[in-house]
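Numbering-wise, the sequence shown is residues 292 to 381 according to the working numbering.
Zero decoy hints are in this set.
Just the calculated beta-carbon pair ranges, DEER-fashion:
#1 Asn311 with Arg374: 34 to 40 Å
#2 Gly314 with Ser373: 39 to 45 Å
#3 Lys378 with Leu308: 38 to 44 Å
#4 Pro310 with Asp343: 30 to 36 Å
#5 Pro379 with Arg347: 31 to 37 Å
#6 Glu330 with Val367: 17 to 23 Å
#7 Arg327 with Arg347: 31 to 37 Å
#8 Pro307 with Phe336: 25 to 31 Å
The set of hints was computed from the structure by calculation and includes no laboratory data.
Beta carbons are placed, not taken as given, at the ideal position from N, Cα and C, and that holds for glycine.
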Amino acid sequence: MPRHEFETPDDVPEPPLTPNTGGVNVGAALGRRKVRQGEIDWKSFSSYLPEDLQRRFRAECMMAGIEVRQGLDQAVRAWLESRQASKPTD
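Based on the provided sequences and hints, a complete structural model is requested.
Now the structure itself:
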């Protein structure tokens, strides 16, 4: 039984899983996590997309070997940059 419902080319291997070596954080410990210099402080973001768009996006992220949050980061930054470029300069 496949792990997902969308089709991927047979010649594209799934990225290997990486073990969690940092332990498990629960409860109040999550809020106390310190961000190291140069590390991105990720925040949870929830929204809705049409099902077909979400499926295509997740598949593209998987085939690119990146996490969905990294693909979303790239997409949002590109959208913000395009909006900034279209604004008139003073």
